[in-house]
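Enquirer: In order, the protein sequence lines correspond to chains A and B. When we follow the working numbering, the leftmost residue of the first sequence carries the number 35, and every step to the right adds one. When we follow the working numbering, the leftmost residue of the second sequence carries the number 35, and every step to the right adds one.
Everything labelled a hint here was simulated from the structure, so no lab data went into it. Be aware that a few hints might be false.
Copies of the same chain look alike in the list, so a pair counts if it works inside one copy or between any two.
For lysine to aspartate or glutamate, the following EDC-like pairs were computed, each having C-alpha atoms within a straight-line distance of at most 16 Å [claimed, not checked]:
| hint | residue 1 | residue 2 |
| --- | --- | --- |
| 1 | K218 | D258 |
| 2 | K411 | E510 |
| 3 | K113 | E693 |
| 4 | K340 | E693 |
| 5 | K103 | E159 |
| 6 | K86 | E203 |
Predicted, not measured: the structure shown is a model, and the values here were computed from it.
Number of protein chains: 2
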Amino acid sequence: MRRLGTIILLFFTIHLFAQKHPIAYAPKSDFQLIQKELPQNRLLRQSFNEIKTSVDEWVGKDIDVPIPKDPAGGYTHEKHKANYQLMFNSGLLYQITGEVKYALLVKTILLKYAKLNPTLVKHPEATSTSPGRIFWQALNDANWLVYTGLAYDCIVDYLTPAEKKQIVEGAFNPEVNYFTHDMKDWFNLIHNHAVWACAGVGIVGIATDNKEAIQMALYGSNKDGKAGLFAQLKGLFSPDGYYTEGPYYTRYAILPFYLFANALNNTQPELHIFSERNSILKKALDGALQQTNLNGGFYTYNDALKDKTYITSEMVSAINIAWQVYGENPAYLPIAKVQNKVLLSKGGIAIANALIKQKDAIAMFPYKSISFTDGAKGDEGGVSVMRSGKENQLTSLIFKYSSHGLSHGHFDKLNINLFDEGNEILQDYGAVRFIGIEQKWGGRYLTENKTYAHQTIAHNTIVVDEKSHFNGSEEESSKYHPNELFTSLGNNKVQVVSVIDTNAYKDIQLHRSIYMIQLSESSKPLIVDLFRTKGAEAHQYDLPYQYTGDFIAASFKYKSFNNSQKTLGTKNGYQHIWKEAEAVSSTPISQFTFLNHSRYYTISSLTEDSTHLFFTRVGANDPNFNLRRYAGFIIRKQAISPTFLNVIELHGNFNANMELSTNAYPSVKGMELLQNDDDFSIAKIKMDNKFLVIIQYNKASTPQTKHSVNIQGKSIEFQGNYTVIWDDKVL
Amino acid sequence: MRRLGTIILLFFTIHLFAQKHPIAYAPKSDFQLIQKELPQNRLLRQSFNEIKTSVDEWVGKDIDVPIPKDPAGGYTHEKHKANYQLMFNSGLLYQITGEVKYALLVKTILLKYAKLNPTLVKHPEATSTSPGRIFWQALNDANWLVYTGLAYDCIVDYLTPAEKKQIVEGAFNPEVNYFTHDMKDWFNLIHNHAVWACAGVGIVGIATDNKEAIQMALYGSNKDGKAGLFAQLKGLFSPDGYYTEGPYYTRYAILPFYLFANALNNTQPELHIFSERNSILKKALDGALQQTNLNGGFYTYNDALKDKTYITSEMVSAINIAWQVYGENPAYLPIAKVQNKVLLSKGGIAIANALIKQKDAIAMFPYKSISFTDGAKGDEGGVSVMRSGKENQLTSLIFKYSSHGLSHGHFDKLNINLFDEGNEILQDYGAVRFIGIEQKWGGRYLTENKTYAHQTIAHNTIVVDEKSHFNGSEEESSKYHPNELFTSLGNNKVQVVSVIDTNAYKDIQLHRSIYMIQLSESSKPLIVDLFRTKGAEAHQYDLPYQYTGDFIAASFKYKSFNNSQKTLGTKNGYQHIWKEAEAVSSTPISQFTFLNHSRYYTISSLTEDSTHLFFTRVGANDPNFNLRRYAGFIIRKQAISPTFLNVIELHGNFNANMELSTNAYPSVKGMELLQNDDDFSIAKIKMDNKFLVIIQYNKASTPQTKHSVNIQGKSIEFQGNYTVIWDDKVL
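Next up, chain A with everything else stripped away, as it sits in the complex (with noise of 0.2 Å):
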């Protein structure tokens, strides 16, 4: 009788918001379609039967729950991990297949977790200020919600009244509980961890009937807006689309916006979500995929670990809905058929067709020049990349002016990074951590993340005394960005950004123009790196170029450390250097010359005052073998305010199997700075035995005023910031 009454009272109460189920990862009607798919959709059913494999290699078995204990890399964490992917892939197939013991399996293991949550307290292997219960950092645990979330929601048709009390009661409201209370500081934050905790809590939300959940989902922990959903589609986007973490990030936060968006426009389409801040997730979509390499790899400047591709299942996710909600779109398909997989979703079934009546109409994902702006008004700097040539044959190069970037930013302001032909050529070392790998500190950052990658002297801009930017303190460096001056990017003969920092180093400018160049039309661009610096005082200027390639020449004489070796400094990155070779140059130019697969890349350097060059090598100071070995180049001067002029050559071919070099030798030949002042820079660049002219007015000007300099007593006139003359024609 008693037993009744309970289920009466509980069938009320659920009753009061109950949505149908399954509802937050698909409606019934898509699951249906699916299966009537499957047999004509090679691709759906390739997706299928691969879940299918893995989740039947556990039916009937019993699945461990175990306490917690280990970081991530070890069992419980990974078994947890499984856990998780297991109930949402066994959810899936209930639905899809009707087979009960794929709901059995999940409600099994809920029903553990249902013992185990309620027992749990902080992670005995917690390090960070948001430690986890299940796992050692919260944002596994909200990981967990979401999809256990997503699994509960499949498998709600099929548990008894009591059992949906057990499940919530014990395996959810503890987790929910914790994030929204004991961690709320936490959850209420604008930053990619909050975004999975709000989409755990709204999913489970979601799946449990629970519009309390849902409110602090969508608006923070107080409801009042300044958390949640809303507040972080709104403050972790930039207008554009730009995430203010970068590319990697983007990756990682873009699926549970997308799985959490998704639940919403399944259950109060009145939202609209997706069309938020016009669109604001499929900016960002477009724009992290804008943010890659030919090899599907984000762009990994601030912490990112350079082996991410847009194959990894957030992708397939984001990619897969967005085709759904946003309609087909056939620049994703290239994307698609290297991932090689689709959701079992409407949207994926639609991909997978897509990709059988394009089969051989399906080109390149359309890489283009672009400019996003930072911060949530796109007021705070940005990030540009300049493209140049076709398909394969394209070059790439990343110039960074954003703000901070929160936790994962690096102290890298007027950063470039070059890429050729798929090919890293000046690279951001990204981030030092093993992911996943348990003897690497548990897959945590490890401690040379900080000590050297996020150091100025990591990256490929200037280092003022051997100080990183904003003396290495997040909490300045958060304070402000670069101004851009101007900008020209397209299908241009002259490519160009130029941008004003002020604040990295205290009573110093610094003022980086990047020129991509194209001189004819079947050559590569020439990139000129014109980095103005600004100070009352003497400083130590060093420009680090970390290139990969061989070392093939240099044009001038240099010292070896043969026999020993010492750290190029003692602190902020440089104690982590090997100084491998030094130079004093004291002829105009310095030309270095490397090799990077089947191209030759110069670094051809005004370095007529005294420049002292460097040979470095990564890996000092490093007694856990946690550095790669990574050369660079270093170009130091020591004045009051130098100005570095650099021009980078892609030129040539080298074929091993032919052994064969094409235009193993830079054209540059020459370089001179006619005029360097607060009005005019002008740069004359001799290539084999043309010249290259570069005028650039160094204040704002509007594309419309005229500037008139005198070069060598003739007069030239321009509007706007600048102009190229070459073989005396302006481009």
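Take the given structure of chain A and dock chain B to it, following the hints.
Expert: Coordinates of chain B only, in the frame set by chain A:
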């Protein structure tokens, strides 16, 4: 009148030995066949079009035949190289298309050489003992003769007798005479240079109907059979077809062998040149292919560059000719598919057709475990390749115990290299050379090739007292070779090769046994490396493992050289190695794990005596940045007759996109040498909770001879040289 007389006279002279031309590369009928096949054979057409495009660019232009001046990579070198390729290709096009412009192009260039060649003396950049005239080394002149001879042969029917005379006397005779007279000691060598020289002289002989030249090419300049093609076929290959310089140079030498043999086959089929020595040229080709990595790269022992694969034109030619003369061979198809190019020949037509026919049925090249003997009689040691795993899962271990291998040989007796899934795991440095790159000393072998790459410490074998084998003397090394004690290869659970060397060091015996053990069908093989030594006095023994991958973990404490680094030694290659860290091990075993691509590799080492361990990095004393910064792990023992017992485990998986590791820890938990004397070595290895016991009889034994050992009170009997017991059962 005078002119007519000359013509008649010449006609008469030539007629005496005259062949129908073309004949050297292929007879007229073959070219006609190609013309017929072109429209319907895609790959043939593509290969034809590539050649046509490259030639058409020059038709009607004035071709420069410059006065020789530059080394490899420089203008004159590359131009002369381009010229002989252009002439050869244009000659083929003339025969296939019948278009006279192609013949004219060849003639015009040949007439220029007819003027240039008589004026030539030793090349100004010649640095070797075999100087060239057109090029800096005679070898390149030989290349020129081969291709130019073939080109001439293609256009003979287009030339007037006067033109023929002019070309023969001006372009060819000076080179032929230079080789067979001035350079006759070199011409008569049994060495790859002489193979090219004889092919050049022989092909020119065939093309110009010069019987004398053909005879010298076949039997040496003295026509006594001590040199020339037949002597080379006899002296350069073992009965298995192993070419004494190793696979990288097999690739290089095989082309002149095949081109010349093909020409002879067309003109003197009665020589049965392709059947010579039981079809030694087929064995050579197949043997070289067995010595490639999954990516087609030739194993890089001895002087070898890592980026040479079987897509080189040499291998296209050899495979296409082999198909024609030895009959179709499906094993070549996967390679031909990657080459994506065929010869314009009957063989090329056949391969292109076979590729179409077998489109979906093309498996991998049939890699297998294989032993090669070295030496003309097959009694000078050899090379074994032990293999396990299917398709892309292939694991290959190369065990080298050959003779020195002429001037390109390294001091690396009993060296091993390990490849897994196409990745180099324990590597051979190969050669220090940037071929085809002028800035790197004209593409020659660099100083560090001798001072580092040739030295023993650059390999994975024992170095005693920091001296290379044979004290680095090629002359000494060439006198000796190690001897196989016992071998068992094939589809067995236990594969083993055991070899003894008694000459690399005076009064010291080195005895290495490599076991490749398949503990279960699905697992990766386990490699047990038992390296015994026997000497009369105490010495320092170093066993390096040149690993490639990221350092993951070491089970022992070590001291890192954090702020300053010194070299490991001062000579014999040690001066090029930085000491990054060192350890004195006191535990019974020391384990080191590294990650390469998606797999973990652990070296577990028995270090019960006070072994020293080093982590090292190549790159010291390298003022021209010629060396790659490779890592090493060195095990050092100071003793009278130390034994090195190492187990190399290939384990687990790492997935960066999934952030997931499985089996990241080694299974080896303990190691013991229960017995180790002149008679028996008994190694007991604890793998998780099971034991692997290897019992080895250390002297010669017939497979039938019974042996008996006592292991911890239990008597065990076995036959032959070894038995391997896993979990109490004989494997």
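Enquirer: Would you mind marking each hint as holding or not holding in the structure?
Expert: A quick look at each hint next to the structure:
When the C-alpha separation of K218 and D258 is checked against a cutoff of 16 Å, the pair qualifies only within one copy, where the shortest distance is 13 Å, while the shortest distance between copies is 95 Å. In the homo-oligomer, the alpha carbons of K411 and E510 never lie at most 16 Å apart, since the shortest distance is 20 Å inside one protomer and 77 Å across protomers. When the C-alpha separation of K113 and E693 is checked against a cutoff of 16 Å, the pair qualifies only between copies, where the shortest distance is 13 Å, while the shortest distance within a copy is 51 Å. In this assembly of identical chains, K340 and E693 lie within 16 Å of each other by CA distance solely across copies; the values are 13 Å between and 31 Å within a copy.
In the homo-oligomer, the alpha carbons of K103 and E159 lie at most 16 Å apart inside one protomer (7 Å), although the nearest pairing across protomers, at 69 Å, exceeds that limit. When the C-alpha separation of K86 and E203 is checked against a cutoff of 16 Å, the pair qualifies neither within a copy, at 30 Å, nor between copies, at 77 Å.
In summary, the numbered hints that this structure violates are 2, 6.
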